[in-house]
Structures are given as structure tokens and as C-alpha cells.
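S.K.: What follows is each chain in one-letter form.
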Amino acid sequence: MLSIRQLSIRSGAKKLVDNVSLSIREGDWYALVGQSGSGKTLLSQAIGRMLPPNLQAEGSIFYKERDVLALSSEQMRTIRGSKLSYVFQDYQGSFTPFRTIGQHFEEYQKAHGCFDSRARQRNALDALDSVGLDESVYKRYPFQLSGGQLQRVSIAVALLLSPDLLIADEITTALDSVSGHRIMEFLAKRQKETGFAILFITHDWRPVKRYANRIAVMKEGQVVEAGEKEHVLDHPQHAYTKQLINAAPTLDRVLAASREEAEIV
Amino acid sequence: MKGWSLPWPKANKRRWLGAVAWLCVLLVGIVAIYAFFVLRHDPTLTNLDHRLQGGSLQHPLGTDQLGRDVLTRLLLGGQQTIGYSLLALTVSLVIGIPFGLISGFRRGLVDRIFMRIADGFLAFPDTIVAIVLSGLLGAGIGNLVLAIVIVKWVSYARLVRSTVLAESQKDYVLIARTNGLSPGKIMRKHLFPHIAGHVLVLASLDLGKVILLISAFSYIGLGAQPPTPEWGAMLNDARPYFQSKPEFMIYPGLAIVVTVLLTNMLGDYLRDRFDVKKEVQS
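Residue numbers (my numbering), protein chains in the order written: chain X, 24 to 288; chain B, 22 to 303.
Quick caveat, the hints were computed from the structure, so don't treat them as lab data.
Any given hint could turn out to be false.
[Stated by the list, open to error] Only some residues are given here: those of chain X computed to face chain B with a beta carbon under 7 Å: (1) Y109; (2) A134; (3) A270.
Glycine residues also receive a C-beta, built at the ideal position from the N, C-alpha and C atoms.
Start from the sequences and build out the full structure, keeping to the hints where you can.
M.R.: Structure representation (C-alpha cells):
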């Protein structure tokens, strides 16, 4: 569905993302893993042509046989939001502070040609309902909601027009683990219902192990390893992948360590 | 997050100051508008039989050297001075805000070109521009307003740009873009309300300066032309009679001082209210 071919992103002479090729199939939960500064976010921004103006993308990104990088900005605008949508880490900043949640829903639907106000409101309430929020949220301002609620609203907004690809950039990083877990559950539920693909950017292995079906590992702007989840997790080829997997805390190792401690005492 | 409410005084030590400033500005406004309805004299009608009279029931503040009623001229002068100041500021805002919005939002090449244009305008001091313009186009209040606009719009463009540069990095602008909103819509609906407060503060602080500028240029004869009643021009008219009738200079002078003081008070108050000290001071 989406295939990135030999994409490089440069700032002047410096390559920030180097010759990356990836392809995402329909219904994939594609995890993009790597430490900060490895170019994950830039890569995701390039897909929606959201890069800052001082960075140039080279190569090609094919979305359904069309090169995204060659589209006009009007064509790009119709794709953004309806076919491709984003959820970011900073839930506080994801909403314009002086507009209600409802106004956000209204505006985004209007921008994509939904001019029936009743339908708009119904869509919005359905979307909120699908992430476990009730009608009262519709009239609220962003600062009246908790972090977990806001992030759920962002997901509702992002999935409002049933996109083909959702780019989730560190969406649980700023949340506590319980809220984060709920967000992931809602996302998984919605994906099962509608079958969109997710590009899930993270540095946390736990959700990757649980939800992803394919994984790409990025380091210093390059994809060092990519493939099916089981393959990458069980038989990591690259030294960096091994290092990452070993660095991730797992429950059994923690338990083992504490048992040892208990024995020593 | 502050509510989007009218900037009425908040509960603090200086609330009275804000309230006083608002009330007085309201009062000046009412007086200036109401003057239309209570005028008993033609402000430009000369009557040499009644020249340089003291206060009387007929002429509460007396008459000037041509026998015109001073109170009438003072009230209408307020309309002229404040009106043209507001006009100059409004035109500056209308040019400066979109300029700054586009420059800050687009960034890159557009921003660089726009800002070099702005720098070019910034190089002109207001006095020089006003004198040159009145030399080229003739003295008159219209040209004076033009000169003020040429000098003033840049500071609004720069203020708006700096705010927009910071704001447009935030995620809500990114999200609005990822949801397919057009740049025009993002600027109008998502960025403009952020900058409105800052711009309002700067504009109210500038109002006093512009009033002074208009009065000053009218005083030296480059602004309002006689017989237009304008405070600066009235000061100039009264100059030869300073020794015999000092009050004719004091009335318009006082009017200018009080109005400028009030707009500054209001500006200070708004600045505290919107808490944008650093942007305004730069």
C-alpha cells in the first residue's frame, strides 16, 4: 500500500535519513523502533510531506502507485487526514487551546467536504464513542480533559475519516502506563474493526512485542533490520538490534533478579 | 490556559488602574463622538468681533484669535487627532498582520524575502519619512497618516512573525496540517487568535506615540492644515498669543497629555493582562 524507496532526507550536505526503503501492507501494524535522533520521526513526516522547509527529501514514496513526493500541495491536502493521518506524542499540544473538541472535529470534516452539519456531529460522536469517550467531551476545551482522554480524542480525530494509514509517533510515551495501555487497546480494537495500517514509532519494546506484526529497526538514519516480528525478535541479525532487545526490561528477568536478591538476603 | 474573555480587570492590586483606564478611554470616546450632537458653534466660523475672549456662558473656554469657539474646536480636534491615529494604526495592522503571519508560517525563502523588505522599511525614521512625504506630496494629514503607516507596520509584522514562528512549531498546527487544512485556514483560525492579544497590547501602547506624532507634525505645519481643528494645529495657532492668553495653548496641550497618558495606562494594563512583556519591549 505504501512503499518507501531509497528515501534520503538531508539538511544541507548532512544526511539525516539515509537510503531507507520500507513497505507497509494493508492492515499491518508496522513498528519502527530506534533511539531518539535515529530519524524515525523525520521518516514519518516525509510520508505526509510534513518536513520542515529546510530539509529536503529525495527518493520516492509510493502510496497506491502514486508518488507522494511528486503530488501538488492541493492533492497532498486531500490525502492528509482522509487517507493518511497522524497522532503525536504531545497530547497537550495536539489541540488548539481556544477551540473546543467539537470545533476541531467540525473543521477537519469540513476541510474534507462533509458539509452536512448533522452528519458531522454524528460522525464526531461516533468517533468519540469508539474510543470510549462520551458526548460531554464534545463541548469541552482541550485543557479540561486529562492526558489519556486527550490522546484518545487525537486517535478519534485521526481515525474520523477512516484513513488507510495511521502514523502514531510515540503516542504512549508521555502517558502513564495504565492510560498508555488503554490507548493501545483502543487502537488495536479499532484496527481490528476497520483494518487500517499503523506505522507505530516507538522506543518501547513492550507494545511492539504485543501488537506489531512487522518491525523495522533504525539507527543513525538507516534501517539496520526489518522483517516479521517473530523473525526480528527471535533471530536478530544486527548487533544493534540484539543490543536493543537485551536492553529492554522484561518481567521474568526482573523477577529472576529480585529472587536472587531475596536469596542473598 | 486563559479563557477567551474580555480583558476586564482581574482581582489584583492594580485592578483599579485598569478600570480607571478603561473608563477614561470610554469617556474620551464618548466625548469625542457626542461632540457632534452638542455643537453650538461652527468650528471654522470666524468672528473677529469676538476674538480672544475669556470664558463665558456662550463660549465656556473662550474664543481664539479668529473668534472661533475653543471648546468646539477642542472636541472636534479630539476626533481628528484620535481618529487619524486610529486610522494609521488600523492600516498598519491590516498590512502588518498578514505580512507577519505569512512570513512566520511559510518560513524559508518567503520569510527571508519578507523580512528583508521589512528591514528596508525599518531603516526609515518616522520624522524623516513624514518630512520627505510632505515635501513630495504636499503637507496634509493624509500624507502624515501614510508616513506613519510606512514606519509602523513593520513592528507589527515583526511581532506577529516572531509569535507565529514559535506557535507554528507546536503540534496543534502540525495536526491541523496533517488533517488537511489549508494554510490560510490555519493562519486565520488557529494562529491569529494567539497573536491578537499581543498585537492589541502593542497597538494600544503605540496609540499614544502616534497621537503625539500627529500632534507634533500638525504643530510644525506638516499635518492638519488650517482651518481644520486639530490639537497640534491649535497649539501652533495659539503660539503668538502665548503671553497674553496662555490658556489657548494649555487647553489643547492638556488634551494631548491626558489622552496620551490614558492610552499608555491602558497599554500598560493590557500588557500586564496578556503578559507579553518581552515581546513588546524588544
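S.K.: Each hint should be assessed against the structure and marked as holding or not.
M.R.: Each hint tested on the structure:
Evaluation of the Y109/X hint against chain B yields a held restraint, the C-beta minimum of about 4 Å falling below 7 Å. At its closest, the beta carbon of A134/X sits 5 Å from a beta carbon of chain B; the interface hint therefore holds under the 7 Å criterion. Because the beta carbon of A270/X sits about 28 Å from the nearest beta carbon in chain B, more than 7 Å, this interface hint is broken.
Hint 3 from the earlier list is the only one contradicted by this structure; the remaining hints agree with it.
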